[in-house]
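Fit chains B, U, E and C to the supplied structure of chain S, relying on the hints for placement.
Listed in order, the protein sequences are those of chains S, B, U, E and C. Start counting the first sequence at 1; every next residue gets the next number (the numbering used here). Start counting the second sequence at 1001; every next residue gets the next number (the numbering used here). Start counting the third sequence at 2001; every next residue gets the next number (the numbering used here). Start counting the fourth sequence at 3001; every next residue gets the next number (the numbering used here). Start counting the fifth sequence at 4001; every next residue gets the next number (the numbering used here).
If you're looking for bench data, these hints aren't it; they were derived computationally from the structure. Mixed in with the good hints there might be a few duds.
[What the hints assert, rightly or not] Listed next, the in silico DMTMM-like pairs over lysine to aspartate or glutamate satisfying Cα-Cα at most 25 Å (straight line):
no., chain 1, residue 1, chain 2, residue 2
1, B, Lys-1237, U, Asp-2231
2, U, Lys-2228, E, Asp-3227
3, U, Lys-2228, B, Asp-1234
4, B, Lys-1068, B, Asp-1214
5, S, Lys-237, S, Asp-165
6, U, Lys-2060, U, Asp-2147
7, B, Lys-1068, S, Asp-214
8, B, Lys-1228, B, Glu-1123
9, S, Lys-237, E, Asp-3227
10, B, Lys-1315, U, Glu-2238
11, U, Lys-2228, E, Asp-3248
12, S, Lys-155, C, Asp-4165
13, S, Lys-212, S, Glu-108
14, C, Lys-4068, E, Glu-3204
15, E, Lys-3237, B, Glu-1241
16, E, Lys-3060, U, Glu-2235
17, E, Lys-3060, U, Asp-2147
18, C, Lys-4237, C, Asp-4165
19, E, Lys-3060, U, Glu-2238
20, S, Lys-68, S, Glu-204
21, S, Lys-228, B, Glu-1204
22, B, Lys-1237, U, Asp-2147
23, B, Lys-1060, S, Glu-204
24, E, Lys-3237, C, Asp-4165
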Amino acid sequence: MTIPQVRKEEQLNLESITWGDLTWVNIERPTERETEYLAQNYPFHTLDLDDYLSRIQRPKIDEYGAPKDYLFLVLHFPVFNIEARVTTSSQVSVFIGENYLITLHNGELKPLVKLFRECQIDEESRQEYFSQGSGYLLYRITDRLVDYCLPILNKIGDNIEDVEDNIFSDSARGTVRGISVLRRDIISFRRIIWPMRAVIGSLEPRVRRFTKMDMAVYFGDMVDHVDKIWDALDEYKEIIEGLNDTYDSLASNRTNEVMRILTIIATILLPITVVASIYGMNIPLPFQHSGYSLLYVFLIMLVVVGSMLYFFHRKHLI
Amino acid sequence: MTIPQVRKEEQLNLESITWGDLTWVNIERPTERETEYLAQNYPFHTLDLDDYLSRIQRPKIDEYGAPKDYLFLVLHFPVFNIEARVTTSSQVSVFIGENYLITLHNGELKPLVKLFRECQIDEESRQEYFSQGSGYLLYRITDRLVDYCLPILNKIGDNIEDVEDNIFSDSARGTVRGISVLRRDIISFRRIIWPMRAVIGSLEPRVRRFTKMDMAVYFGDMVDHVDKIWDALDEYKEIIEGLNDTYDSLASNRTNEVMRILTIIATILLPITVVASIYGMNIPLPFQHSGYSLLYVFLIMLVVVGSMLYFFHRKHLI
Amino acid sequence: MTIPQVRKEEQLNLESITWGDLTWVNIERPTERETEYLAQNYPFHTLDLDDYLSRIQRPKIDEYGAPKDYLFLVLHFPVFNIEARVTTSSQVSVFIGENYLITLHNGELKPLVKLFRECQIDEESRQEYFSQGSGYLLYRITDRLVDYCLPILNKIGDNIEDVEDNIFSDSARGTVRGISVLRRDIISFRRIIWPMRAVIGSLEPRVRRFTKMDMAVYFGDMVDHVDKIWDALDEYKEIIEGLNDTYDSLASNRTNEVMRILTIIATILLPITVVASIYGMNIPLPFQHSGYSLLYVFLIMLVVVGSMLYFFHRKHLI
Amino acid sequence: MTIPQVRKEEQLNLESITWGDLTWVNIERPTERETEYLAQNYPFHTLDLDDYLSRIQRPKIDEYGAPKDYLFLVLHFPVFNIEARVTTSSQVSVFIGENYLITLHNGELKPLVKLFRECQIDEESRQEYFSQGSGYLLYRITDRLVDYCLPILNKIGDNIEDVEDNIFSDSARGTVRGISVLRRDIISFRRIIWPMRAVIGSLEPRVRRFTKMDMAVYFGDMVDHVDKIWDALDEYKEIIEGLNDTYDSLASNRTNEVMRILTIIATILLPITVVASIYGMNIPLPFQHSGYSLLYVFLIMLVVVGSMLYFFHRKHLI
Amino acid sequence: MTIPQVRKEEQLNLESITWGDLTWVNIERPTERETEYLAQNYPFHTLDLDDYLSRIQRPKIDEYGAPKDYLFLVLHFPVFNIEARVTTSSQVSVFIGENYLITLHNGELKPLVKLFRECQIDEESRQEYFSQGSGYLLYRITDRLVDYCLPILNKIGDNIEDVEDNIFSDSARGTVRGISVLRRDIISFRRIIWPMRAVIGSLEPRVRRFTKMDMAVYFGDMVDHVDKIWDALDEYKEIIEGLNDTYDSLASNRTNEVMRILTIIATILLPITVVASIYGMNIPLPFQHSGYSLLYVFLIMLVVVGSMLYFFHRKHLI
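So here's chain S without its partners, still in its complex pose:
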């Protein structure tokens, strides 16, 4: 068994693990200093190194044949920002060659950081991940990151269920904001996964030469997972749009209800006021001095209100 070399370049922001003839270089928050280091020590194309630092990027695979013989991957994974309550994408750039694998990222992706630590500390993990070549190591990293999408996805699913539960209850104040935030999240998540499907789907044949075993089944399984995530997001998108429509229907329903009450109140109370006002006029009025005048007035009120209610009810208006 070879002795693993865990080396840390003090000046540069990079760490590396070597096991057998395979080295994994991990660079968190790379600056121009690190890309210069890579440019000097590896046969990488200038554009790929530029690509990392520029902010505008897209998941992709660039393949360089002999004599350079390496792959450049850009991968995006969703990271849920708890404070801003928003899903954003976090980028990992990967250079993979016969006997090295270089990852550049900004440290947000917990599972990647954890995996690297695991390999630094644990001899067994190192053997398990490194012994099948750089292609297998790439599979393990990517698979870990894909699985990391699931809790974020499930969180969205839970939030949707919360909205569904609340939407028919009366205390639906925060629902609009809930739907709006969820929709935004799903849109962002979909935009991250969409280009990833193509990249993950075309990874296997290109990585084949960097691994010692047949990995078709493994990569196929990972593609299934990504597709499943996509399907779920598609379903969530339709559900949240449906919930938005439902909310609007309920809101217009509520408007109608409140309007109807107002109208009923008006229909009952206004005629009474009218009759009372008339009998409040300072002019001679019929039955004014009769002992039963109040009774007569109440009878008039009853007749007016009753006939109005009957009329509107017959016209299906109240």
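The following block gives chains B, U, E and C in isolation, referenced to the frame of chain S:
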């Protein structure tokens, strides 16, 4: 005729039926114990066995050539949960080889359970289903499960018709909820059938080697059924979206109607109140002491109300 | 010229016409008795016969090569149900072989019934339709049924124009229902035509062997007609969705108008009532006993109403 | 130079121009008489002639190889009907052979009529259009008709800008109708252009044999124009849908504004009325006979109104 | 090193730079004079020159093989018009041959103008851009113009965030207009980028012959940038549609709130008015002359208001 062996492993949660050289192993609610048993007795890939236990899955066919020579299928079918009034998906995993067929599921799919019981009890069914090889048996199981979708589909169709009948009647209280629940159901159902179409559609050429007869027509017929279900769901989706729009239009219609009544009431009663209030003022008023004062006042009221109604009516506002 | 044999099997619900070596068997409302008869006399696959009786079906062509050498077609055509005001689909199943053509349907499709009657009665029609082989006869039947879609389509077009005419007139009561019913109709119609396009489009090369002449142009013409129907339905769908949106905009417009009147009424009449009520209080009031008190009060009212109207008008609120 | 023969068949509704060995026959408003004439003098398929007279048609190219060797084209172009303010499609049928080109149309397409007149009158135009074969003549006609779409398209663009300008101004009465009519127009226009793209796009290779020069660039340019028109219509469609949404948002905004005024009026005036009514009661009231009673009452009114306004304002309701 | 010739044709509106055997001719705001000049000095097709001057155009590549051997490109880039607050497209036409590159544009595209100035002034830039052939120069120009889209894109992104921040705050007056303008902008931007993707994507293999180095990676990188822009626009489109829906939901929410206040006010104040009016009638009333009459009346009012509030509250209406 061979004597069928109906064997039940006490310790493990699996039952099996053997007829001729073909064995059907049925595992309800598999745990790690059962997958270990499979791993020891069959040449299955570790990933396939892991796949069953992990919850995130997608309908698919994995094909393993010689020397393993088996197919791994994941199929999803809709199950209507009566209590929650929701359609959820239920998963069946199938391993199929030359002389065995293994089904793993959680027992929710009634027709699968019933079919297995039938084969256990009835010699004739056994002969009919098992005599044409494992591919034919797979066809019979899948076809039964596809047919099982129809009553669920028809239930949705009936519910849509109920909503359609109710939407124009006045008692449209529960309609929003009805539309919302139906839409949710249709979305879920579609998400179950969508990936199934690809799997069912590509099943025939892969299963061919496991059967003794030409099954193209049979599988083609099953694909027709799945496509028909998909078409129906597509139609339902469009209908329910149309009904939602119709409901909203009707609701805004009702708002308008109620508003118009309020306005008519206000237009008639407020002017009368105004005139009456004026004649209720404690100041000297014209005609106050005349014998016909009430008549004069009523005339004033009539003129004011009449001219307001006429004015608004001419402007097409009431 | 051969003598046509018009034969009617008393016991079975089938009629047949023979001219030359070609026989057209027409079965209205087939039961199991008729499918058994077909199973005994023709080399049809059991599934095709089962298919007819089961309700769930999809337009399709099943091709059986030698030695069976026949085609099985399922075709759907729209039928407008006048009572229910709904377009539903009606199914025709066709078996076509070298010298026979068998149609199974439930008698709803008038043009098919009429065509058969025509051939029974009229020697000339018989010669025209039968002399070019079973493929040509199939073309004549299908073409007749496709043309039969046009009046139904035109009826929808007329109804859309009615809705368009009514939508801007004030008496737009029935419009919502009109739009809803039309949309439903168009959805159903589209669902019938959609799978038909594929079937009709792939008919020609398969029917070629059953006819004596080159029919590419004829079938191409029929495909054009089906495509034209599809285009029209697509346009209708977009138009009706646009009309729905227009209706909703108009409804919210009307709400605004009615609201504005209410507000204007309130703005004018409420201040008057307030002033009158104040002067109706049983407490000492200024100018109460002056001879011009009424004039003063009216002046106060005028000022209050005027300034309110002016204020709201300047804020563009009324 | 050959002498052009401008001939007019008195009995038939057709005119023709011949230059060199190429003849252009133009038939406006063809009846059965003209189609019979064509059937007798040209080797056209009966279906093509029938097609012209039947109303239901779709843009298409039918190609007939040797010995008939002609193309049959159906083309649709938009015509703006100024009175009905609607874009409708106008059909041109074209038969094109080695040395003839026959156009059948109903005379609505001004540029076609004008082009024919131009060729009748002007020797130079004749030479320019006829000297390169019938394929080039077809290109000139089609290109002219495609360019004729642009003013109609621009008119729609102008109308959209009008709607955009009006939508935020207060006098947005006619906007709903404007949006509705524009949307209808765009839908119709799109439906005319959509099938035309396929026809125009596949024209060049089929027409090649009827022309003496390489026309790939010319037809490519025409395809660009049609695609540009399509793109513009697509953009217009999205814009008009966006405007519809904007209009609805503005309408609900206005409803809110008007509602708020009503509520403010009610909040201010109703409490005053209440207090005044109370002091109008014919029962002993506090401060009734005090000299400052009016002042007290006004103070009460002020307190009630003020506290209500404060309360609703703090709850962000007014 | 060759001496660059910076030449300016006084009469014509064109400038040119020559370095080695490569000349870049830049024409701002070309008129017919310039196109005539090009027609005389270069082997360009008449249609391409016409194309520039006609306004209706579409991004495209026209390829002319030997002996002409040049490419004609039409490219569109977004330009943000600050005054009109609208994104419009600006066109660049490019002719590229072995040793020349001609750009025609109207001077709106700042980066193109700046690049040309840079090459005029700075010897080093000239060498960098011109030494690899006309294909490389084209890449530099196009890449600069593509990058120029990013600030416009980011501006839209910032505006969307502003709308998102404002939408839930109460002062959402300008939001409708903001959403409407943004949506319009995004639609226009998308329409500009959409056809560009195809053009940029197919540029590399066609330009290959005009350059001395392998440029696949460079053009691939540019395609990535365009795709990224497209993805961002797609996401923006979905977000803005979501925000529009959210705004509408919030608006109907606000309507409901205001309606509820009105109803509460009416429910409390109208009954009091009614009771007060009744006690204001000039007829004998119960308790009228009692010392506690006011107390009794207040008790009646309290009971009426209280029971109404209780009734509506129990029915979940207020």
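Against the structure, the hints:
1. B:Lys-1237 / U:Asp-2231: 21 Å, holds
2. U:Lys-2228 / E:Asp-3227: 21 Å, holds
3. U:Lys-2228 / B:Asp-1234: 22 Å, holds
4. B:Lys-1068 / B:Asp-1214: Measuring from Cα to Cα gives roughly 24 Å; hence the hint holds.
5. S:Lys-237 / S:Asp-165: Measuring from Cα to Cα gives roughly 17 Å; hence the hint holds.
6. U:Lys-2060 / U:Asp-2147: Holds, because 20 Å separates the two Cα atoms, which is no more than 25 Å.
7. B:Lys-1068 / S:Asp-214: With a Cα-Cα distance of about 15 Å, the restraint between Lys-1068 (chain B) and Asp-214 (chain S) holds, given a limit of 25 Å.
8. B:Lys-1228 / B:Glu-1123: 34 Å, violated
9. S:Lys-237 / E:Asp-3227: Judged against 25 Å, a Cα distance of about 32 Å means the pair is violated.
10. B:Lys-1315 / U:Glu-2238: 33 Å, violated
11. U:Lys-2228 / E:Asp-3248: 34 Å, violated
12. S:Lys-155 / C:Asp-4165: Holds - the C-alpha atoms of Asp-4165 (chain C) and Lys-155 (chain S) are around 24 Å apart, at most 25 Å.
13. S:Lys-212 / S:Glu-108: Given that 25 Å is the threshold and the Cα spacing comes to 31 Å, the pair is violated.
14. C:Lys-4068 / E:Glu-3204: The given pair, whose Cα atoms are some 22 Å apart, holds under the 25 Å limit.
15. E:Lys-3237 / B:Glu-1241: Status holds; Cα separation ~21 Å.
16. E:Lys-3060 / U:Glu-2235: 19 Å, holds
17. E:Lys-3060 / U:Asp-2147: Holds - the C-alpha atoms of Asp-2147 (chain U) and Lys-3060 (chain E) are around 19 Å apart, at most 25 Å.
18. C:Lys-4237 / C:Asp-4165: 17 Å, holds
19. E:Lys-3060 / U:Glu-2238: Within the cut-off at roughly 23 Å; holds.
20. S:Lys-68 / S:Glu-204: Within the cut-off at roughly 19 Å; holds.
21. S:Lys-228 / B:Glu-1204: 24 Å, holds
22. B:Lys-1237 / U:Asp-2147: This hinted pair is violated, its Cα atoms lying about 29 Å apart.
23. B:Lys-1060 / S:Glu-204: Status holds; Cα separation ~18 Å.
24. E:Lys-3237 / C:Asp-4165: 29 Å, violated
Consistency with the previously given hints fails for numbers 8, 9, 10, 11, 13, 22, 24, ordered from lowest to highest.
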